[in-house]
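Position chains G, B and Z relative to chain D; hints supplied.
Chains as they are written, first to last, in our numbering: chain D, 1 to 362; chain G, 1 to 362; chain B, 1 to 362; chain Z, 1 to 362.
No lab work stands behind these hints: they were computed from the structure.
A virtual CB, placed ideally from N, CA and C, is assigned to each residue, including glycine.
Any given hint could be a false lead.
Lysine-lysine pairs mimicking DSSO-like chemistry, simulated, CA-CA at most 27 Å apart [unchecked claim]:
id	chain 1	residue 1	chain 2	residue 2
1	G	Lys-45	D	Lys-25
2	B	Lys-118	B	Lys-45
3	G	Lys-25	G	Lys-45
4	Z	Lys-45	Z	Lys-25
5	G	Lys-76	G	Lys-118
6	Z	Lys-201	B	Lys-25
7	D	Lys-76	D	Lys-25
8	G	Lys-45	G	Lys-93
9	G	Lys-118	D	Lys-25
10	D	Lys-45	D	Lys-76
11	B	Lys-25	Z	Lys-191
12	G	Lys-191	G	Lys-201
13	D	Lys-118	G	Lys-25
14	D	Lys-45	G	Lys-25
15	Z	Lys-191	Z	Lys-201
16	B	Lys-118	Z	Lys-25
17	Z	Lys-25	Z	Lys-76
18	B	Lys-45	B	Lys-25
19	D	Lys-45	D	Lys-93
20	D	Lys-191	D	Lys-201
21	B	Lys-45	Z	Lys-191
22	D	Lys-93	D	Lys-76
23	Z	Lys-231	B	Lys-25
24	D	Lys-191	D	Lys-231
25	Z	Lys-118	Z	Lys-45
Listing some non-contacts, in silico: residues in chain B with all C-beta distances to chain Z over 10 Å [to be verified]:
id	residue
26	Lys-45
27	His-74
28	Gly-111
29	Asp-166
30	Gln-167
31	Ser-306
32	Gln-316
33	Leu-346
4 protein chains.
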Amino acid sequence: MRWRTRSLNAPSPIQQFGPCGRIMKNSAMVMQIQDPASQRLTWYKPPLTVLVIKKVHDATILVPFVQLVHWLVHDKSMVVFVEAAVLDDTLLKEYGDFSSVRERLMTFRAGTDDLTDKIDFIICLGGDGTLLHASSLFQQSVPPVMAFHLGSLGFLTPFEFNNFQDQVMNVLEGHAALTLRSRLQCVVLRKTTEDGKDKKKPTTILVLNEVVVDRGPSPYLSNIDLFLDGKHITSVQGDGLIVSTPTGSTAYAVAAGASMIHPSVPAIMVTPICPHSLSFRPIVVPAGVELKIALSPDARNAMWVSFDGRNRQALQHGDSLYVTTSVYPVPSICAQDQISDWFDSLGECLHWNVRKKQKQID
Amino acid sequence: MRWRTRSLNAPSPIQQFGPCGRIMKNSAMVMQIQDPASQRLTWYKPPLTVLVIKKVHDATILVPFVQLVHWLVHDKSMVVFVEAAVLDDTLLKEYGDFSSVRERLMTFRAGTDDLTDKIDFIICLGGDGTLLHASSLFQQSVPPVMAFHLGSLGFLTPFEFNNFQDQVMNVLEGHAALTLRSRLQCVVLRKTTEDGKDKKKPTTILVLNEVVVDRGPSPYLSNIDLFLDGKHITSVQGDGLIVSTPTGSTAYAVAAGASMIHPSVPAIMVTPICPHSLSFRPIVVPAGVELKIALSPDARNAMWVSFDGRNRQALQHGDSLYVTTSVYPVPSICAQDQISDWFDSLGECLHWNVRKKQKQID
Amino acid sequence: MRWRTRSLNAPSPIQQFGPCGRIMKNSAMVMQIQDPASQRLTWYKPPLTVLVIKKVHDATILVPFVQLVHWLVHDKSMVVFVEAAVLDDTLLKEYGDFSSVRERLMTFRAGTDDLTDKIDFIICLGGDGTLLHASSLFQQSVPPVMAFHLGSLGFLTPFEFNNFQDQVMNVLEGHAALTLRSRLQCVVLRKTTEDGKDKKKPTTILVLNEVVVDRGPSPYLSNIDLFLDGKHITSVQGDGLIVSTPTGSTAYAVAAGASMIHPSVPAIMVTPICPHSLSFRPIVVPAGVELKIALSPDARNAMWVSFDGRNRQALQHGDSLYVTTSVYPVPSICAQDQISDWFDSLGECLHWNVRKKQKQID
Amino acid sequence: MRWRTRSLNAPSPIQQFGPCGRIMKNSAMVMQIQDPASQRLTWYKPPLTVLVIKKVHDATILVPFVQLVHWLVHDKSMVVFVEAAVLDDTLLKEYGDFSSVRERLMTFRAGTDDLTDKIDFIICLGGDGTLLHASSLFQQSVPPVMAFHLGSLGFLTPFEFNNFQDQVMNVLEGHAALTLRSRLQCVVLRKTTEDGKDKKKPTTILVLNEVVVDRGPSPYLSNIDLFLDGKHITSVQGDGLIVSTPTGSTAYAVAAGASMIHPSVPAIMVTPICPHSLSFRPIVVPAGVELKIALSPDARNAMWVSFDGRNRQALQHGDSLYVTTSVYPVPSICAQDQISDWFDSLGECLHWNVRKKQKQID
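Isolated chain D, as found in the complex (with noise of 0.2 Å):
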């Protein structure tokens, strides 16, 4: 038994409320958005170039790459680009028969040399790691990612290896599903010194999973205000504070007790860390509101941020920091689709319910 169409996003709200109740219209106010389940990737022209991205230093996931990157660059005629850092390992100079393909490898430095417009697809194997890494690279426009485990799935990882070939090869030829991994856009605004000389520019960094404030090395709790759309909303007390999209739901925020949201959920999700309160419980707020972050009148330390991990830097007083969600997600290939893929993640990756079944007491 069906009633509507398969859909992720609930269908439109009638906007007649009894016999004379009506929204105002505001067109200026109005988006077209498509349905997330049938969000399907498409080539606008056949893609050429693909990065290849590859945990260093992991000994296991050498034969895998290798074969991979001989298979794009010999079978497939495709410019493949790989991180220098990836050729300078040991490990691999020491590997056989790879100087073939090794020859024909585009090669960058994450940092200096610019991706932008090169790159038509991105091929990650080994771990959610690199998808992070993939994400740090373009802080614009990602192209479509494919994500390899190699070994247990993981959250943004959902491919397995075996029989790559045939996986890329429908992937390449546009069948595939696609969850728009929401990021979130995070500003840094330095106070301005007093003299107004000092001004410095905002630094800018897009977020897959998280952005986290916490005190850093200071024995001492944090003091961290919380505004929403320029409104005070409360002060924390505790170890720090998360900001996350749906995709960080289910990393950093649910160790510290958040509940976890599915990445195709437009929203933000807000979650302290060891609060001093016993009913600070995370929230869950709209994906459009903006929020502000900034050292409370009182707090006697800095307060250190990170993204997704990295870039960990101090905030003082008078600095801010302002976070929402970004027009650039990560397009994420589904291995099946994007429920499926999510709850099986789930259940490999935190044992979501996972449990003995009790029997029944007589």
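Quick look at chains G, B and Z alone, frame taken from chain D:
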């Protein structure tokens, strides 16, 4: 500093992923949505009929009720509907000067008389329960609801009664932000007898807070299977399961450990009640999915379902409960706006993060 | 490196506080306690009678049951007691060569026949429920209990059935560590009628896991007052309240959010069930306190109490429930020792901290 | 209605289990314990020296401090010790009539001067931190501590300052209930170098609240192995681990999700900080066990340990931390009694179960 217009919806994601990747367009699955932040009430024609819902058997509400109804009838010349049970209240019968009003009231009996298309506007007096009651009276389109608390702020009752005339006038003139509180459409399908004769019609009930399935009076744990879009997701062993709207996330679900979700996030919350498994954390899924709940094949006992705390009934082997988001939200009028009303009620109703400020240790 | 003899009791605290401060001696309040780590079973005289408790209606237990009873009767010449209901089981009636054993068994009916001083030793077959049943049969002194699981380890059933003969012989020879599992003495005092005529005798029940007070079939929240040593401590608004032993902390209490307490810690755990208040965290109080539970004066509904999941009954206004630690523990025989048995069962029964080891992110 | 004398210890369990079962006596493992409920302070000889501990750099404490010290010196002729840093406070230097008192004070420097056997009585002014400081000054026997809060009640500071003279007199006359707050003896064993030359002496520190092991400034999860009485119990992957006394259960541990334990329960609480595993619930073990904490063999980073928030230091591979209950508790003087003081502080400091009373729904 502002980056974009204030909004609750996330910005439309860029749909180009690198030089070649695109979202495949599927116009059948595109919908237009107005940003919740811009939802305001307007009147297609002036409201003439108003339903006043009053908590019964609460002496403290008597005077405000009489004041309100008197003003609506005599000063505003509106047609006022009141539930018959309210007028049966002996306290009201003994109330002095109510007779001139009483004879002009329209009455009805819940469950018997049909109010469809008869009510332009609803005013609630006295607690979150009155709004749940309003929701139950309108199983399809719901007229705009303005809810007054008498005493302390409720989640669903943002207006103070002082100065009620100005506040009602303000709403009648169309100056009001609106929260569209999504409801869940719950359908109970009973097992058909084997000869197929006893085919029962499905029952449909809309809930504003939650539908709960529990073990009822049985001393044994529930054994419940949960399906999402037809796929078996998990089995629940414990006291039961709560499927709630974002509105309901701050009701029973929060007591069972859920995070709190702002009512404008399009989502459904699934929360186990005292699960046998330590790792059964609550989850938040997209508003458009369809959940199905049924007894596990090895369950010994029936499960009991209730809808916003009412209509309690047993479900047996072979029966099932389908839940998805309804097209009929409750249009609840904001006292300030969607964000401020919500955070104020978190603090007031749940003491969210209310704490003694700890002095730092020297 | 060792500082002192292995022990579970804390070392006696030094009772001199600086040059002048002392504890005032009060010999009336001094007790001698043996360290739980040294508790071993010994037999004052050789055990002759053994009660075998078998889960009813479970076909998988039939063969082990027959093997065990046969061996006890024929090889060990022990007098074996079995509950009459066990022999009524049709599965057993159809079992071939059981008749020679059956005619030598002693039977009794729970709730009718008194077993006091008749049983030297108890053997349980089949799940934590059998031990709860053993506890309910002996409301005062309990003979030593040896509990076999058939399938997966339970909290209360540490022995594997393979090689049961050697294991039972070992225990009968007095080589066994013992966990004294404290029980709670629960007394229900009914309201006396006003003329004083209808004075009801208090009912006393000992529980091994927990006594639960909940709202029963009522849709309204419970309103329960909790007193400790006569002082009003707090009021519970929610689904109910669990008062549990350390043994029971891993049963219903853990599902309701409690921390897990080793059975040798002398304590009582108080855990709310789905409390309306976000800050109502479970508490652990000393084993010697007396708790009193009663309906709050403004409660609308009765509350329902159950004892280890049984004897469910309503408590009305004026009734009260007193709970304290009983002098009659259940002496439960360890398979290894108190510490190893407990941690093994946490892992096996609750998957405590069982997880996928996350590879570090590069 | 009372069944037995008010007590905090559980009654001695009956040690006969049916007609034959007994506990094997082991006099070497028997200890005498006085019921915590009867613990009262007495003085072997009248206290003459008093240490006054004052929070530094807090102007609000200045006047009470001067009043108290003036009264102790001039009216009670006691020898008053004060930390030198307190007298260095410029605020105090500017304080008018303090010179007559100042010249009669004894001063010392923490970490340099030894106070053993010099102090009969301790008075703390100003917050839980002062008691932690007192604890750190006395690493063996601690004189009785009377702690005043100035402002709101703390967990460790039950006395109000109003009328301090009568309250101090009352204690000096020996009328006071005493909570013996257990401390944890923490021993850090450093790895010995391979040639055995660089053998380091173990460091021992007593903590009143907790010892914390965490990942420090590292962005990677901690990997910590936990042993109990020599047996490997579990591994922690997360932000860290808290081992706390019952006193400390209401400090950092409660923020990390622990249940709250009354200080008279002889137990040690083990609480993970943001564990990667959903099922890693806190546990409560008997006070006499010995825990050992070490880096897991596959840990990449050092772990950092701190003791009551101080003495932060790194532990490397091969180092280990041993924790057990010390024989030297902190004898903390009750304002009322052990039970009332604790529940009052739960309400005041943690808003435990403080809530808006929900009106029932009609």
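Results of checking the hints against the structure:
Distance restraint check for G:Lys-45 and D:Lys-25: the Cα-Cα separation of roughly 15 Å lies within the 27 Å cut-off, and the hinted pair is therefore satisfied. Restraint check for B:Lys-118 and B:Lys-45: satisfied, since their Cα atoms lie roughly 14 Å apart, inside the 27 Å limit. For the hint linking G:Lys-25 to G:Lys-45, the alpha-carbon distance of about 39 Å lies beyond 27 Å, and the restraint is violated. For the suggested pair Z:Lys-45 and Z:Lys-25, the alpha carbons sit about 39 Å apart, so the restraint of at most 27 Å is broken.
For the given pair, G:Lys-76 sits about 18 Å from G:Lys-118 by alpha-carbon distance, which is consistent with the 27 Å threshold. A distance of roughly 38 Å separates the Cα atoms of Z:Lys-201 and B:Lys-25; the hinted pair therefore is violated under the 27 Å criterion. A C-alpha spacing of about 52 Å is found between D:Lys-76 and D:Lys-25, which places the hinted pair above 27 Å, so the restraint is violated. At most 27 Å may separate the alpha-carbon atoms for a hinted pair to count; G:Lys-45 and G:Lys-93 exceed this at roughly 35 Å.
Our distance criterion of 27 Å between C-alpha atoms is met by G:Lys-118 and D:Lys-25, whose separation comes to about 24 Å. Between D:Lys-45 and D:Lys-76 the CA atoms are separated by roughly 16 Å; this keeps the pair inside 27 Å, and the hint holds. Distance hint between B:Lys-25 and Z:Lys-191 is unfulfilled; the C-alpha atoms sit about 45 Å from each other, more than 27 Å. The straight-line distance between the Cα atoms of G:Lys-191 and G:Lys-201 is roughly 10 Å, inside the 27 Å bound, and the hint therefore holds.
For the proposed pair D:Lys-118 and G:Lys-25, the alpha carbon gap of about 24 Å is at most 27 Å, so the pair holds. Between the alpha carbons of D:Lys-45 and G:Lys-25 the distance comes to roughly 15 Å, so the proposed pair stays at or under 27 Å and holds. Distance hint between Z:Lys-191 and Z:Lys-201 is fulfilled; the C-alpha atoms sit about 10 Å from each other, no more than 27 Å. A hinted pair counts as satisfied when its Cα atoms are at most 27 Å apart, and B:Lys-118 with Z:Lys-25 qualifies at roughly 24 Å.
A distance of roughly 52 Å separates the Cα atoms of Z:Lys-25 and Z:Lys-76; the hinted pair therefore is violated under the 27 Å criterion. Taken as a hint, the B:Lys-45 and B:Lys-25 pair is broken in the structure, with Cα atoms around 39 Å apart against an allowance of 27 Å. With a C-alpha separation of about 35 Å, the suggested pair D:Lys-45 and D:Lys-93 falls outside the 27 Å cut-off, and the hint is violated. A distance of roughly 10 Å separates the Cα atoms of D:Lys-191 and D:Lys-201; the hinted pair therefore holds under the 27 Å criterion.
As the CA atoms of B:Lys-45 and Z:Lys-191 are separated by approximately 52 Å, the hinted pair breaks the 27 Å bound. For the hint linking D:Lys-93 to D:Lys-76, the alpha-carbon distance of about 24 Å falls within 27 Å, and the restraint holds. Under the criterion of a C-alpha separation no larger than 27 Å, the hint pairing Z:Lys-231 with B:Lys-25 is inconsistent with the structure, at around 38 Å. Distance hint between D:Lys-191 and D:Lys-231 is fulfilled; the C-alpha atoms sit about 20 Å from each other, no more than 27 Å.
Only pairs whose Cα atoms come within 27 Å are accepted, and Z:Lys-118 paired with Z:Lys-45 is accepted, the gap being roughly 14 Å. The beta carbon of B:Lys-45 sits about 5 Å from the closest Cβ of chain Z, which is not more than 10 Å, so the claim that it is off the interface is violated. Every beta carbon of chain Z lies more than 10 Å from that of B:His-74, the smallest distance being close to 22 Å; the non-interface claim holds. Here B:Gly-111 stays apart from chain Z, with its beta-carbon at least about 19 Å from theirs, past the 10 Å limit.
No beta-carbon of chain Z comes within 10 Å of the beta-carbon of B:Asp-166; the shortest separation is about 20 Å. Under the 10 Å C-beta cut-off, the non-interface status given to B:Gln-167 relative to chain Z holds; the minimum distance is some 17 Å. Once the 10 Å rule is applied to beta carbons, B:Ser-306 is consistent with being away from chain Z; the minimum gap is 22 Å. Non-interface status of B:Gln-316 relative to chain Z is upheld: no Cβ of that chain comes within 10 Å, the nearest being about 18 Å off.
With a least beta-carbon separation of about 8 Å from chain Z, B:Leu-346 fails to lie farther than 10 Å from that chain, contradicting its non-interface assignment.
Hints 3, 4, 6, 7, 8, 11, 17, 18, 19, 21, 23, 26 and 33 from the earlier list are contradicted by this structure; the remaining hints agree with it.
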